[in-house]
Amino acid sequence: MTTVKTGQVPLAHDSEMARATPRKASMIGVNSRKLWLTVLGWGVAILIFFPIFWMIVTSFKTEAEAIADPSLIFAPTLENYVEVQLRADYFKFAMNSVVVAFGSTLLALLLAIPAAYSMAFLPTKRTKGTLLWMLSTKMLPPVGVLVPIYLLFRDTGLLDTRTGLIIVYTLMNLPIVVWMLYTFFKDLPKDILEAGRMDGASTFQEVWYLLLPLTLPGIASTGLLSVILSWNEAFWSLNLTSSQAAPLTAYIASFSSPEGLFWAKLSAASTMAIAPILVFGWLTQKQMVRGLTFGAVK
Amino acid sequence: MNKVRASGRTVGGTRPLSLQAPAVTLLFLWMVVPLAMTVWFSFQRYNLLMPGMNGFAGLENYEYLFTDPALWSAMGTTLVLVGSVLAITVIGGTLLAVLFQQEFFGRGVARVLAISPFFVMPTVSALVWKNMMMHPANGVLSWVAELLGLPAVDWFSSLPLTSIIIIVAWQWLPFALLILLTALQSLDDDQVEAARMDGAGPLAVFFYITLPHLKRAISVVIMIEMIFLLTVFAEIFVTTSGGPGLATTNLAYFIYISALLDFDVGMASAGGVVAIILANIVAIFLVRMVAKNLES
Chain A
1 MTTVKTGQVP LAHDSEMARA TPRKASMIGV NSRKLWLTVL GWGVAILIFF
51 PIFWMIVTSF KTEAEAIADP SLIFAPTLEN YVEVQLRADY FKFAMNSVVV
101 AFGSTLLALL LAIPAAYSMA FLPTKRTKGT LLWMLSTKML PPVGVLVPIY
151 LLFRDTGLLD TRTGLIIVYT LMNLPIVVWM LYTFFKDLPK DILEAGRMDG
201 ASTFQEVWYL LLPLTLPGIA STGLLSVILS WNEAFWSLNL TSSQAAPLTA
251 YIASFSSPEG LFWAKLSAAS TMAIAPILVF GWLTQKQMVR GLTFGAVK
Chain B
299 MNKVRASGRT VGGTRPLSLQ APAVTLLFLW MVVPLAMTVW FSFQRYNLLM
349 PGMNGFAGLE NYEYLFTDPA LWSAMGTTLV LVGSVLAITV IGGTLLAVLF
399 QQEFFGRGVA RVLAISPFFV MPTVSALVWK NMMMHPANGV LSWVAELLGL
449 PAVDWFSSLP LTSIIIIVAW QWLPFALLIL LTALQSLDDD QVEAARMDGA
499 GPLAVFFYIT LPHLKRAISV VIMIEMIFLL TVFAEIFVTT SGGPGLATTN
549 LAYFIYISAL LDFDVGMASA GGVVAIILAN IVAIFLVRMV AKNLES
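One line per chain: the protein sequences are A and B, in this order.
Sequence positions in the first sequence follow the numbering used here and run 1 to 298.
Sequence positions in the second sequence follow the numbering used here and run 299 to 594.
The shape of chain B in the complex, shown without the other chains:
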């Protein structure tokens, strides 16, 4: 571990790796110890409600897990949730960034208002949307629908996953906006001006100048959002509790149910192992993307 650089130069007598050691060691422990325990438990018969039944279970938990239709439904829900929110926030965020880049009266304040949802804790935004926006009888949305002569929608029972997607997208749209807006500020005005002089319309400017300029920023947005979207929990916990049925149970919530509601440690651990494998598949893809960004 304490290899000195090839040149043999150590700085101020401190070896470079000893500086990284605390951070790396702690992260390693944080990852490896629980991971090992999770894998170990996943092969055990271990239910906190049935203390006498503990013992080696072999692949029993996995067998049970993979034949549980809830697992597949939870995986599907996770993918739909992540995909939809990413699509909405990246496309919406790009358009909003272009809008808020234009000069207009009170732009600074408008910008601050538009990015505010990013600072709101997920539990609060979920509660506000559930009780004050989407409530079937007294919510603002049903009031608006009534004004327009439309039938009121009972959001969480008829469109449960859509409702969750709306809430999560509302939280992350400002984040995308914030990043992309900053990226736009480094766009060369003269270049846009010159293109316009040469007869490029607003669409051509957007697709041939703005969008290529935003490419790296968009990949950063996708990467960071993906980390957080794969593990969406509070929004579901507070609003639908995974229901109705399994309609809004994503992988995170599925494991939570097995672990803390059914007290089945073995089963929950097997679910955890599956979630970790899934996350790693995504991670490989993401790490490649980031690695590319590192190169340049």
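For reference, chain A alone in the conformation it holds in the complex:
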């Protein structure tokens, strides 16, 4: 799968002597190189992470300190967190985010597993076309269908409900979920399922006892991505919810009004909004990346 074209580079294999000499000579060079790389790597990492770091730091400052010249020396305070909590109940929004993100992910997996199974193991002429069509629905801009969805939701009473948001997110992520699962399932040797079938396993048993346990890492990485995408989705949540079902994206947007200086409180609210998913992402990043690449990277 991943053959690399190396024709352009001469690759004559020299004797061991030629291999050994430059290595020895550069032992000292290697160490100073590693030092430079450490400086550069950390410099870049800190630069990229800085806005998040600064937000977290600011959340522990007083409002006056927050707008003063940047400084890391201050007496940390928790008052912003207390005040933000008084203004809007964080836990209600966070609960909505959790329910919607995990609910839609679960539902998407339930719908996608049978579909991906049949596409991977019982392909027909239309399978590839169906997959591509599914992906192409992702390119439909949500704004293009906002008005009808809004009106449909208004008329069916789904506006500002968790159920409504779960439905939207399930369908939003379904194409990517099917795609990723398809990639993982296809990697599985067919003989294993074949053997189960010979032993008289039903389709359900085959999926439940063989396919799912064997592809659990792939399913997990698919689910993780779906959770993160749902958690951070802002277009539908801002337009389809108001008070009851509003998740954390709406919670944060409610702090975005420009008047008054409240950076420290804004930082506190933002820190709370991203903390769960940031930690979740840190813990699962290695797992997640496998699925993101649609098997293009092995």
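The set of hints was computed from the structure by calculation and includes no laboratory data.
The C-beta atom is built at its ideal place from N, Cα and C for all residues, glycine as well.
Any given hint might turn out to be false.
Simulated crosslink set (DSS-like; lysine-lysine; CA at most 25 Å straight-line) [unchecked claim]:
#, chain 1, residue 1, chain 2, residue 2
1, A, Lys-286, A, Lys-186
2, A, Lys-186, B, Lys-513
3, A, Lys-92, B, Lys-513
4, B, Lys-513, A, Lys-125
Here are some, though not all, of the chain A residues that point toward chain B, as calculated from beta-carbon distances under 8 Å [said to hold, decoys possible]:
#, residue
5, Ile-73
6, Leu-78
7, Pro-213
Chain B: place on chain A using the hints.
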């Protein structure tokens, strides 16, 4: 729909297509019902503020839309935004992936820090950049500029689109890094070593070994990013609200303004139809790319 495979084999009595039916049907409904409604509304005179005026409008909405300079400006903005962010994230992501592939002290932690922005919700990153980084008086960037003796920049009024591009690129650079870094890990070390022994410099190794190896991963990055970049919304909503003037109004935001601020359902639907057609043009191009990936 229930055709059994040519061999006549059904597995455990379940027809393959019935397994796909729920997912396919739901996606189909999700796509077709709103789409049909959008197209229908786009031919209607339908403004929520003027209830008595409803009726068939013919091509009126489209006529109005296509003579609206805002539409063309929004299309231009969309293309510039998508193009710039793609260029920055793909080039930057490749370089960063090569950097973070090298061995250095604390590499694991540095990597995690560098990919963090991908997990931050767009509304938060937009607010942080707007208030704490790019604020003309108290932002960190203006403080740095002052230290260096440079004039402070009022980012959102003098460089509005650039500011949005910076914010969006900051969110997606880590994504490109994450994917490309994983791809690099499957690069054969012996091959690189051998090339180096034979006198290939770091640049030659990069262009003749690393880059070809990353080709597929880069196309995956472009494809996924394109899906999300075409519909950038929250970053604009929270920072500039499309302004000043129309400077940062992309297609998504343009339709949003017509629909939810002007309450003109007909007009917004016509804009939606245009956006969908545009997206499909892009989709055809992308689907080809993906199809190629499927082949191998």
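_Tell me if the straight-line CA distance from Lys-92 of chain A to Lys-513 of chain B falls inside 25 Å._
violated (45 Å)
*Pair hint outcome, Lys-286 of chain A versus Lys-186 of chain A [Cα-Cα no greater than 25 Å]*: holds (21 Å)
_Pair hint outcome, Lys-513 of chain B versus Lys-125 of chain A [Cα-Cα no greater than 25 Å]_ = Given that 25 Å is the threshold and the Cα spacing comes to 28 Å, the pair is violated.
*How about Leu-78 of chain A: closest beta carbon in chain B under 8 Å, or not?*
Constraint on Leu-78 of chain A not satisfied, violated at 19 Å.
*Does Lys-186 of chain A pair with Lys-513 of chain B here, judged by a C-alpha cut-off of 25 Å?*
Satisfied, since the Cα-Cα distance of roughly 22 Å is no more than 25 Å.
*Quick one, is the Pro-213 of chain A hint okay against chain B at 8 Å, beta carbons?*
With a minimum Cβ separation of about 18 Å from chain B (threshold 8 Å), the hint on Pro-213 of chain A is violated.
*Evaluation of the interface hint that places Ile-73 of chain A against chain B, nearest CB under 8 Å*: Violated: closest Cβ of chain B sits about 15 Å from Ile-73 of chain A, beyond 8 Å.
When the structure is compared with the earlier hints, violations turn up for hints 3, 4, 5, 6 and 7 and for no others.
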